[in-house]
Amino acid sequence: MTRETTINLLLALLLLGAPILAASLGEPFYVTLATRIAVLALAAVGLNLALGLGGLLSFGHAAFFGLGGYVAGIMATHAFNAEPLFANIEATTSMPLIWITAIAVAGLVAMPIGAISLRTSGVYFIMITLAFAQMIYYFAISWPAYGGEDGLSMSMRNAFPGVNTAKPLPYFLICYAALMAALLLFRVVEGSRFGSALQAARQNGTRVAAVGIAPFNIRLVAFALSAMITGFAGALYADLNRFVGPSMLSWHMSGELIVLIILGGKGRLFGPVAGAMIFVFFEYVLGGITERWQFLLGLILLGIVLFARGGLLGLLSGKPRHV
Amino acid sequence: MFTALLIEQLLNGLQLGVMLFLMAAGLTLIFGVMGLINLAHGSLYMIGAFACATVAAATGSFWIGLIASLAAAAGVGAIIEVAVIRRLYDRDHLDQVLATFALILILSEGARWLFGSFPLYLDIPPLLQGAVPLPGGGQYQLYRLAIIGVGIAVAVGLYLLISRTRLGMRIRAGESDREMIGALGVDIGTLYTVVFALGAALAGLAGALVGALQSVQVGMGEPVLILAFVVIVIGGIGSIKGALVGAVIVGVVDTMGRFLLPSLLALTMPASQATTIGAALASMLIYVVMALILAFRPSGLFSAQS
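Chains as they are written, first to last, in our numbering: chain A, 1 to 323; chain B, 1 to 306.
Because the hints were derived from the structure by calculation, they are not lab data.
The beta carbon of each residue, even a glycine, is placed where N, CA and C say it ideally should be.
Watch out, some of these pointers could steer you wrong.
As the list claims (entries may be wrong) - Computed beta-carbon distance windows for the label pairs:
no. : chain 1 : residue 1 : chain 2 : residue 2 : range
1   : B       : Arg-297   : A       : Arg-193   : 31 to 37 angstroms
2   : A       : Arg-207   : B       : Leu-264   : 48 to 54 angstroms
3   : A       : Ala-18    : B       : Gly-168   : 57 to 63 angstroms
4   : B       : Leu-264   : A       : Leu-108   : 37 to 43 angstroms
5   : A       : Glu-149   : B       : Gly-168   : 43 to 49 angstroms
6   : B       : Met-269   : A       : Arg-207   : 52 to 58 angstroms
7   : A       : Phe-29    : B       : Ser-215   : 34 to 40 angstroms
To be verified - Among chain B residues calculated to face chain A with C-beta under 7 angstroms, some are:
no. : residue
8   : Ile-37
9   : Ala-83
10  : Arg-87
11  : Asp-90
12  : Ile-106
13  : Glu-109
14  : Val-230
15  : Val-245
16  : Met-284
17  : Ala-291
18  : Pro-298
Isolated chain B (complex conformation) (with noise of 0.2 angstroms):
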């Protein structure tokens, strides 16, 4: 039995590693290309996750809600690309720190006033609902399955796009030298665009698959985000490759820990004890290994810059 929780668990660290996998290799990619600090990533997040409600409880259909959130991310991403975040980029970090609260402000607030401060729920689609056995007994949702799957088709299809294609041939370009891409007559302002809005639309699906999980609701991206940033920070910011593996530590270390250490503590000290205890040094625990590998490697495990 403990073995089937166990891998149970390990899969629902998984899951949430992919999860902010999509989400952080969106920051890192923006970062790495426009060298952009963008704090109104979660809100993206959260847009995808309402989009996917809003469409699929009008349409019936999960499909076209998330259709519909990629849209909608996206396009959310490309006005503010346009909009504001053109005009950071030769800005110091401070300027795109609060230009970018300023976002956050905008986009929660606004989104409150359009559906409310009540939560939205997204149902399972009917093809994902039900679970598979596990080995040594228990079973385990499908649908956590499909995200993981998810996850990794968009890790190899982002190397594909990166490492194949001519735009990804760009992007690692603008990585290098943005002048001399520039020199070269790629359209600099449009490649900008291209990636903020595919960052973008990833955090969106992000926000939509995790929709159906959790209650859709204004600030529902905040958490997200800055364990996306301990995520890049681990891996190496503007590495897509740290984000992944970063992505994986965090998820599966923060679930680990929260199933392990009560139970762990718990030979120790009385149960009760044991459990809040447990459960407060579990909420640190990611924290702590984040300035451990910093401690170690000050800029993350895959440097882009080194």
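Bound conformation, chain A alone (with noise of 0.2 angstroms):
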């Protein structure tokens, strides 16, 4: 085993074991403390597929995470109000439908978005994503059926057969085998046939061009895969604050989503768990201190960028191999 896996899975285990602990102590905030990193991890494990496998700096991976949402939002609101989503198709307030159709919808905007930016590279690869994502935000903000500046509020959550998802602890089981489950798809893809194109067209588009594997279509999937994922978190963090508003779309939340790998380690599996849960830590400890927790936020932020690349997988377990 080396001192990375031995890492990872001592993350898994305290992500894991402190909210258990937490909730037998009756302490139900950190718990939901906990679910925010585990549905914060699962976004940036989609975002670490297209930026740290494929070498896409998507500056837009809120768009998804804020569609994702609004499908948990609107499906509750029409089941509540008892409305058809459409001309006879009902809505649901199954969660596994829901994350279905986050899923599928994130893949679908996915893959136009991803057609027309993946023509271009570098700067303005970045830029395009923003403004698609920009897009889809002042659409949000500007059309007013579901709430427009104001966002959804859902009056609860929705439901997994044969679990109480009002409860802090069995909904955090749920994110937290989401985002075990997204691990597992990412290492697998990681080691595929794929994933192998996929890195090394990101190493040199060139050469994967020459010997005959398209890097276009590879990047394409990546990305549409990777925006899924980010959807799907979307749907669960949704539900876990009740609420979806335009601020899930906004490029703040981009932004978020790439510290949250850069300060984990990119490219690594475990890289968006350690940075989520450095993330919230912040938030939290800082937050508690003083209102100008995000003034500091930046400059640890800097310090990192500028001082300490490879974020905390990378100071603890030493270089990456694929370097």
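Please dock the two separately framed chains into a single complex, following the hints provided.
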């Protein structure tokens, strides 16, 4: 077992054990905090697939996160008011169905965005993904049917068969299971032929093309897959807060997802998990000390980018294998 | 009456375009010369607006405020270039994005610390109050016309600076081969600081000019920053000419879309529905235009690299 595997295992156990302990001590707040970590980590696992493996610096992943959230919010609202979604399609409060819809919507939106954005590279790609996300953000703000600027409140969490999702611990376990499933998928993709091609395309697209693999197609599939995972996380996030608003679509959200990955360690399996832990910890601890915690977060982030490259996992487990 | 309204909206679009040009020119210059993507450019815009509002309120003169905004934005720009940005030139885009994102957090929260969360207001200077008659009836705010004038003056000034002066020659040389001009004895460090401060001053000027039209508050720079990104992506990153053309396209398309789309849709559907759908579509219009342009020219209209 390498040092990184040991640390990964410890992180996974810590994230599972801490909320169970907190729940048994009657501290539901910490369970919610852990759920927040799990959901943000899940969103960042999605981005890590595009950014870490594929080298695609998408500054617009909040779009998929928010879309997933809006799917959950819109479904819940329609089901609550007993209105059909479209002509005769009924809305549902069943989480699995909502997740599938959120994943499908994120994937369907990611295909055209990816197809246009991937024609470009470098700075253009960053700015175009950002611009598309802003387009969806402004649409959400100016479209009054689902709350516009105020967002949508959900009267209760959607349902999961056999689980009481209103209680913090069962909902945490759902999110934790989703995170572990996504990490498993990330590991499988990383080790697959597709994953090798994707990483090769990051290192040298021309050579990949020369051996007969079109980098564009590989990257497009990776981009869509990454958006689908992030969209899934968005649906869970909306249910966690019982609220979805344009802030989930904002470019600050996109920036934060990148920050999570960098705090933890880019391209590493558990990078997003470590990053989400640090981020939520900062948010909670610094936010408790001062209202100006974003000022301190900015300073810390600046310090990490300038002086401590490789993030927390880079610090703890040495150089990654692939560099 | 419709013609007058149309002319008024066209001028509004031009004014927005000119303001975006001030932002985009700095961004594209910094990218062209130093290869740096600067997300904190919107914060410099905000700093310009705050400096102008504060100094104008203290001295009672908009003009002193305007000078203060240039000085403050250029000064803060030079400080962050020396302290942070300088270390990012040979890093990849990811590090640049993150570090300048961190700068936004620091500068926004810092501004909120200093000035509070309440917006400040800035009055239009007495000299530029009032309106000018438009052909076809109707009137147009003199101040907005003055902004268009300033924008044109800056565009001409930048053109002359870059094509006619020694500094401009060095900037152009820096764009094509930074090692070579270093070898020829030009102090690249200073040149980069000057270019960054120049871009920052333009952003500060834009912020101060717009500050008199809307409220001055934390976060005001971010929507403008993203529009400026759209502008330079359309125009071709690194090209000042592209920034000018892109800015006018974005300004006019955005304003005209908001003006015309609801009334166009009203021809086919009930008026209330047309207003909401029209507004929602208009807010997406420039991104659609951007996607169309990029579908045909992936590196923008006037790519500096090609």
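Right, here's what the structure says about each hint:
Between B/Arg-297 and A/Arg-193 the Cβ separation comes to about 34 angstroms, which falls inside the hinted range of 31 to 37 angstroms. Take A/Arg-207 and B/Leu-264: their Cβ atoms lie about 50 angstroms apart, and the range 48 to 54 angstroms holds. For the pair A/Ala-18 and B/Gly-168, the supplied restraint of 57 to 63 angstroms holds, since their beta-carbon distance comes to about 60 angstroms. The hint said 37 to 43 angstroms for the Cβ distance between B/Leu-264 and A/Leu-108, and at roughly 28 angstroms that hint is violated.
Look at A/Glu-149 against B/Gly-168: about 44 angstroms separates their beta carbons, and that is inside 43 to 49 angstroms. Restraint check, B/Met-269 to A/Arg-207: a C-beta distance of roughly 54 angstroms satisfies the suggested window 52 to 58 angstroms. The hint said 34 to 40 angstroms for the Cβ distance between A/Phe-29 and B/Ser-215, and at roughly 37 angstroms that hint holds. For B/Ile-37, the interface hint holds, the least distance from its beta-carbon to any beta-carbon of chain A being 5 angstroms, beneath 7 angstroms.
With 7 angstroms as the threshold, the beta carbon of B/Ala-83 stays out of range of chain A, its nearest partner Cβ sitting at about 10 angstroms, so the hint is violated. Checking B/Arg-87 against chain A: minimum C-beta separation of about 6 angstroms stays under 7 angstroms; hint holds. Proximity of B/Asp-90 to chain A is violated relative to the hint, the smallest CB-CB distance being about 12 angstroms (cut-off 7 angstroms). Interface hint status for B/Ile-106: upheld, as the beta-carbon distance to the closest one in chain A is roughly 4 angstroms, under 7 angstroms.
The beta carbon of B/Glu-109 comes within 4 angstroms of a beta carbon in chain A, closer than 7 angstroms, and the hint placing it at the interface holds. With 7 angstroms as the threshold, the beta carbon of B/Val-230 comes within range of chain A, its nearest partner Cβ sitting at about 5 angstroms, so the hint holds. Interface restraint check for B/Val-245: the shortest CB-CB distance to chain A comes to about 17 angstroms, outside 7 angstroms, so the restraint is violated. Annotation: interface hint on B/Met-284 holds; nearest CB of chain A at approximately 5 angstroms, less than 7 angstroms.
Taking 7 angstroms as the C-beta contact cut-off toward chain A, the hint placing B/Ala-291 at the interface holds, the least distance being around 5 angstroms. At its closest, the beta carbon of B/Pro-298 sits 5 angstroms from a beta carbon of chain A; the interface hint therefore holds under the 7 angstroms criterion.
The structure is inconsistent with the numbered hints 4, 9, 11 and 15, although it conforms to all the rest.
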